[in-house]
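Given two chains presented individually in distinct reference frames, assemble the corresponding complex, making use of the accompanying hints.
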Amino acid sequence: MPIIDGALEMRQVFYQSVGRLAAQDERVVVLDADLSSSSGANAFAANYPDRFFNCGIQEANMVGVAAGLSAGGFIPFVHSFAAFISRRALDQVFVSCAYAGLDVRLVGSDPGLAGHANGGTHMALEDVALMRSIPGVVIVDFSDPGMIDPVLDASMRQPGVYYFRLFRKTRENLYPQGTEFELGTAYIAKDYGNDATIISAGFIGMREALKAADLLRRDGVAVRVLDMFTIAPLDAGAVLAAAAQTRAIVTLDNHSITGGLGSAVAEILAGRTATPFRRLGATGFGEVGTLDYVLEKFGLNAAAVAATVRGLLGV
Amino acid sequence: MDSALEQELQIFAENIRLASLRAVAAAGGGHLGGIFSMAEALAVLYGDVMRVNPRNPAAPERDKLVLSKGHCGPGLFAALALKGFFPLEDLLTLNQNGTLFPSHCDRQKTPGVDMTTGSLGQGASSAAGIALADQLARRAYRTFLILGDGELDEGQVWEMALFARQRKLRNLVALVDLNGQQLDGDTRDICAGVANAGAMFASFGWNMLAVDGHSVREIHAALQPAAGVPMQPTAIILKTIKGRGWSRLEGKPKVHHSVVDEAQLREAEAEITRRIASLQAAV
Chain D
102 MPIIDGALEM RQVFYQSVGR LAAQDERVVV LDADLSSSSG ANAFAANYPD
152 RFFNCGIQEA NMVGVAAGLS AGGFIPFVHS FAAFISRRAL DQVFVSCAYA
202 GLDVRLVGSD PGLAGHANGG THMALEDVAL MRSIPGVVIV DFSDPGMIDP
252 VLDASMRQPG VYYFRLFRKT RENLYPQGTE FELGTAYIAK DYGNDATIIS
302 AGFIGMREAL KAADLLRRDG VAVRVLDMFT IAPLDAGAVL AAAAQTRAIV
352 TLDNHSITGG LGSAVAEILA GRTATPFRRL GATGFGEVGT LDYVLEKFGL
402 NAAAVAATVR GLLGV
Chain W
5 MDSALEQELQ IFAENIRLAS LRAVAAAGGG HLGGIFSMAE ALAVLYGDVM
55 RVNPRNPAAP ERDKLVLSKG HCGPGLFAAL ALKGFFPLED LLTLNQNGTL
105 FPSHCDRQKT PGVDMTTGSL GQGASSAAGI ALADQLARRA YRTFLILGDG
155 ELDEGQVWEM ALFARQRKLR NLVALVDLNG QQLDGDTRDI CAGVANAGAM
205 FASFGWNMLA VDGHSVREIH AALQPAAGVP MQPTAIILKT IKGRGWSRLE
255 GKPKVHHSVV DEAQLREAEA EITRRIASLQ AAV
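Chains as they are written, first to last, in this note's numbering: chain D, 102 to 416; chain W, 5 to 287.
In isolation and in its complexed conformation, chain W is listed as follows (with noise of 0.2 Å):
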């Protein structure tokens, strides 16, 4: 990866943050403590690996994404509308009546939007799915599943787990993002053992990456097609830090869903808006 790509990365994982706060903000509140831990891994993706096509959103030839943490929807959303899916200024519409943007993913309203997701863990065996018809079809394309720590506590991530290994779903890969913090609370105080998520999928039998869930150098390494052994399912461990990049929320503790005022607003834009001018000098 070339430095001009990892600068190019790292602008629109923080354009990520700053349209899924202000759709967040605009709705009033929102979970941005586990949007904001995804932004690098989100930017990665549909910045550079995934094949995607904003004027034909639902082609059956293209990489697929499901967000099984399906309450950071507006992270997703924030990165479909800078790949050119819908206007970014609709974001703002967020939950508000009629929308076609509830912040849990919902693939019947959204374009862009691969799988309806909001019940934890669902979304790990519908990716799994659409890994398989891929296989089936014979279309040469993967299908990315987000999952999120807190949501390793579901058994059903287990059972894809299995399944996964069983069916060798190659062209699935699992991102779990690693952010050690849950709706009550650490993760190390409800079911701490998710911690060791990695060990746990290797014991499954997949292929395992751990990376800083914060470079998008290491992310987009990890992301290539060639890493790991063939025939074997990858889950890729984002170490990452609920909340991250804005001072208020990063690495604070009972971050998982955030009321947002008028004056927290402009505090966050500025402080996102002082990276994001920082990085697009250095290009």
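Pulled out of the complex, with its shape left as it was, chain D reads as follows (with noise of 0.2 Å):
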């Protein structure tokens, strides 16, 4: 996995990106719960502080008044934690969001296990799960910074409500500079062969999926790696085509067993394909630790996920 020497976070890049659409359209405004020096949103306040608002700590009044902007005719980027942006937020985004048709941008910092520092109350292990239950909500979960300015670009000429996944402190870039991403469509990131596809998406997830590509690669078997960052509307034609031509399915979800990405593409498989098929996502509440003890105790680490492949190829 290259990382590239003087590289950026991926929080300075999804800012840099707001600011870029900030300078080409007046109506983007960001807000923040008292987390712009977490987030990285203080970068763009720096340079456009009447277009920053720090609301404080109140996740709930903050996406209420995104959706007043938005029915004012501006475009909000609100960010929190994901935890708090989802969980704690949700009828707002519900209600005065999604359900009254408005255009607003949700950033959830560090989803899933990226809250290992934390624990169990900051890991949104649901998010996805609750954000993809609300009709229309678009969701990406970005794994490489290379994803966000094509992917914030789309989301200028689509208005709606969208969910970012931001894993916000990495420097890693899983792919080549300039590769490139449309959102709604999954990324191949590895096709070995056609023994198996391993389906995953986020930073965490994907660089355990590509670790695990390349271990099985080793023992010779040779497998497909999509990934999914745009976790919804679904790019249902790459799980079927996935199932059409390889011989095994895994996904890897840095979120719950439940409701996550796995569930999508089941939601997608059920009824259509004997494909062997098995997900692994997150079981029980979360717990602090570093990232690498995390992902052993949920079975989400390259080797769990190799031998998952293995276990359904009978190899």
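Hints in this document: simulated from the structure, not taken from any laboratory.
Below, a sample of chain D positions facing chain W; criterion: calculated Cβ distance under 7 Å: (1) Cys156; (2) Asn162; (3) Val166; (4) Ala168; (5) Leu170; (6) Gly173; (7) Gly174; (8) Phe175; (9) Asp192; (10) Val196.
The model shown is predicted, which means the values in this text are computed figures rather than measured ones.
Ideal Cβ placement from N, Cα and C applies to all residues, glycine included.
See the structure below:
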């Protein structure tokens, strides 16, 4: 995995991209809930002090204010930790944003196990399930900073409620610079062969999925890896193609086993294919520890993925 | 305010009661108690104060209103119909299958409805966002927010109160319908503190005015832009009576939601039309 020397953190890339949009479009504004130095929104605030609103520690009001800003013609980007922007402000997202038909971009940082340093209260292991249950919400889990510009550009052409999962601090690039990504289309991250397909999304999941593909290749198992960075609406065509063209499918969620990417894939596959299929995702509540520790504990690391693929193939 | 305008607004308030009564009766029942308690406030807002255009309901250059006590939507729809946003008879489709008039406010369905509400407390924040949008866009228009007193139980209202003061949303005017009753009973038996709504908003740094919520003259005076300290949002406490204007409901316990049968409809219509006739005779 290349780490480009002096590369920016994901959060810096994200708010640079928002700043680029703000320069082009005066409707773009940014809200945060006393986490702007964590989210990186403070860099936007420095450049656009009149278009940044620190709402204080009040996620419900912040999401409602964002809905009002949208009703008044603005395009708000609204950040809190993934656990809070989803669990804590869910009814505001549902009623004031989505049901009201408004245009709001929700940014949830440190999704899933990325909250490992803060433990179970801060680990969003159900945010995708919650957002996926709201009609029309577009969910993107960024695995590589190169996705941010094209996804945000596409979002400007298509109003609605967006939920962006953002692993803040990584500087690692999973893909070569210049790789093209299209909102709504799965990215084929590896295509070693047709023995099986591994589907994941987001930096933590994709890094393990790519490692698993390399572990399997050493053992003579050649897999395809799909980066399903647009979790909703799901690229059903890519899932069905994998089911038709490869002999097994394994999904890896940086999220609960209930309601996440694996569930979304299962909804596509159910009744349509007999291709062997397993889902890997977290069960129970999160806890503090290192990322390696929690990945191991929940059985979501590369070794677990590789073992699951081998199990399905009987090799 | 001259007496001709006062009488016009009093008649407007009674017509709001009459039209929303008929809509609620057509639907079989609804939240008449809280609709009737805010009828004078709606009449002053839509009858004189608010700059809105029924032929261009979504124009950015307009005053906005968020009815955060969204279950009282039929009262707002009545005011909008009387103002010419849509025909009065459309209100009779309230809550019918496929209607454009669901009893909880829906900005995507009903022309002139500025925000979707129904989950209490949320309209507070969206109103603040709309007021902030007008400030950012340098549009010199106001946003009016109608809150119920039971709704003040919601913490989100007080989050918004902090936010609006911090952002100096002087173009935001919250009207609190202090009718003293919520679904399960009297507010004093549930979260009694909301009776101090005026002091609470004042302590949050808002301008605060308290008026007789059934006096169009007092409401009108409180809604003049000059009232209050510049750079602060304004809270107007409307001291009201739940169910005001129909003797079967007015001041009675448990009138949050009412079923209206044919005989009761006639009875209420008679009371309201008698008042309208006497107001018209006085003009």
